[in-house]
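Peer 1: Based on the provided sequences and hints, a complete structural model is requested.
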Amino acid sequence: MFRNKLGTSRFYIVKKTEVSYVNSLALSFISLLCALFIGGLFILCLGKNPFTVYAAIIEGAYKSARTGSYVFKTIGYAIPLVITSLGVSLAFKMKFWNIGAEGQMIGGAILASYFALFHADMPHWILMIVMLLAGIVGGGVLGIVPAYFKCKFGTNETLFTLMLNYIALSFITYFKDGPWSETRGFPGIAKFAENARLDVLGGVHIGWILTIILVISVFLYMRYTKQGYEISVIGDSLNTARYAGMNVNRIIIRTMFISGALCGIAGMLQVSGIEHTLGEDIAGGRGFTAIIIAWLSRLNPFICVVFSMLFATLTQGCSGSAMLKLGLSPEVAEILQGLILFVILAFDFFMQYKLVYRRREQA
Amino acid sequence: MNAFINLLAAAIPSGIPYLFGTTGAIITEKVGNMNLGVEGMMWLGAFFGFYTGLTTANLVLALLAAFVAGMLGALIYAVLTVSLRANQTVSGLALTIFGTAFANFFGLRMVEANGGSLPKLPDSLRNTLSEAEIPLLHDIPYIGKLLFSHNILVYLGILVAIVAFIYMNRTRVGLHMRAVGENPATADAAGINVALTKYINIMLGGGICGLGGVYLSMAHFDGQWQIGCVSGQGWIAVALVIFANWNPIKAIWGTLLFGIFEIIRFRVEWLHIPAAFCDMLPYVITTIILIVTSMRKSKERSQPKGCGNNYFREER
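Taken in sequence, the protein lines are chains A and B. According to the working numbering, the first sequence is numbered sequentially starting from 32. According to the working numbering, the second sequence is numbered sequentially starting from 803.
It is possible that part of the hints are untrue.
[As the list claims (entries may be wrong)] In silico DSBU-like links for lysine-lysine, alpha-carbon gap of 35 Å or less:
no.	chain 1	residue 1	chain 2	residue 2
1	B	Lys1107	A	Lys46
2	B	Lys922	A	Lys207
3	B	Lys1052	A	Lys183
4	B	Lys922	A	Lys356
5	B	Lys1107	A	Lys126
6	A	Lys47	B	Lys1107
7	B	Lys1107	A	Lys183
8	B	Lys922	A	Lys79
9	A	Lys124	A	Lys47
10	A	Lys385	B	Lys1107
11	B	Lys1107	A	Lys124
12	A	Lys126	B	Lys922
13	A	Lys385	A	Lys126
To be clear, the hints were calculated from the coordinates, so they are not data collected in a lab.
Peer 2: This is the structure in structure tokens:
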């Protein structure tokens, strides 16, 4: 429709060969403003003042109450988003559509919880490391399985990883209702012992240090290592990778292990650092949000941090008391997220293509 | 025998929401677009259909509202992926996030407006939607109970699937639409308006998904709004497309099978299978089917070749 209209008029769509960094940054900024504007229109339709609502969101996410815990909560919310989006980025870089981050988080969380619940008598730091490794294995295995079938039989990875999300989720229900349920007539899994909880450093659980380390490592891994290079070659052209003699299957499986492992780490941090127990909302859609963050940041780890903070601000801000006073429920956060996404997706067009005005040749 | 007939008879309506979703997704994928927004479009249909039914007590208007809501959701997706060539996976996910949140937000407001209790459809509409036994036909032993004792939307679902099959395989526009899905460049060269075909079919598919949503909100829970009335059915529908091999007629059998899985959990208590594993069953089966169909790799595998990629004329 659009093409046709343009085809007959004097505008032509041309693919941009190169986008300067400043240009793309400016476009991102404009698209964000545009998204906020459209979100504002939506708020206006609800009969509220957009400025009051945005102020309430900021207040809900950052205002320091007496304890100053709002900011820390927002950062705490952003941590799993950052790590998971790093994991997803690695898979996306090789055009492996891993949308199973949710399930991989859960996998890590379940395995880590096992040690927290049944082996909490280890020395604290050893237990933490064991739980971290458990998170890596739990997430990594859920990453490897679809990768293996993709390589072996060409099984569609999008749907496979999607199904694993639900299968993993059902396992939490199983453990909660059955073998791991608290015996004292309490439905659900017991809170972790103090020994199995992550330490708090500067208001947020210590996972934030790990997050910074991971962001930098993934950046370096993707940019400066042989394995990172292999990933991007596979993403650009599978055939090139094959001609160059790369063992494509091994690389895909290896990368999906890392991708899943990162998500698993996020799951482990979530159970051990925030929830202190295992529940069905342990991933709570963060895996899906992370996919979007990864894509919006163009798989750049540092920009992942920025977008994670943005989404954390939206979510935390919308569940704050200031929003409740305005009579808006937390779902507003997701509606705004959706709108912002639509706008940014639309603006992405201008990143890759430009409209050229050409005078029609006089015949 | 009777128990078995009862099981099957109960499975048919349980599978119908999937059937709508799957048929909608098949049409969308056949034209070359993988829309992961099925869940979101079902939510939009569920809310708008229910709300219209609540206020007008008119079934046709409610269905129409659900169809249009699903269609508008699909329109957003179509603008993004067809005109603006945005990534299909992310656009679909965005649609799911948006549709789910939108319907839940306004669903909550609807509950608030009802004084905090879950609103119920007017009695007249609930009667129309209740299981009706078709006279005479219903008296045929076994088959009568199995086939002629359902609510009207069940028949609509099966009808939609059959019509979709005829549309895609037996009509000229259907042929055009499949050509676009297989190879847009060739279709373009043959003079088919690729973008227009995509828009129409993506929106058609979205509308049908919306009908699946309104089935869940209006018929599945006895005409009472449920906070989580759509809960993952859209995702299963996306997976069922593969099970049905992109064929709406096969989708009828596939969704019947999934309907059986869905209700079997209430009937196998004597097996002592934990409920969680029963919930898991549809997903496990889908995964197994995914693997098996990819292993077979036969010519039958009819995923449209162009599915998932956006078409850009200048890039041919």
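Peer 1: Decide, hint by hint, whether the structure agrees.
Peer 2: We went through each hint and held it up to the structure:
| no. | hint | verdict |
| --- | --- | --- |
| 1 | B/Lys1107 <-> A/Lys46 | holds (24 Å) |
| 2 | B/Lys922 <-> A/Lys207 | holds (33 Å) |
| 3 | B/Lys1052 <-> A/Lys183 | holds (27 Å) |
| 4 | B/Lys922 <-> A/Lys356 | holds (28 Å) |
| 5 | B/Lys1107 <-> A/Lys126 | holds (17 Å) |
| 6 | A/Lys47 <-> B/Lys1107 | holds (26 Å) |
| 7 | B/Lys1107 <-> A/Lys183 | holds (20 Å) |
| 8 | B/Lys922 <-> A/Lys79 | holds (29 Å) |
| 9 | A/Lys124 <-> A/Lys47 | holds (21 Å) |
| 10 | A/Lys385 <-> B/Lys1107 | holds (28 Å) |
| 11 | B/Lys1107 <-> A/Lys124 | holds (22 Å) |
| 12 | A/Lys126 <-> B/Lys922 | violated (46 Å) |
| 13 | A/Lys385 <-> A/Lys126 | holds (25 Å) |
In terms of the numbered hints stated before, the structure departs from hint 12 and from no other.
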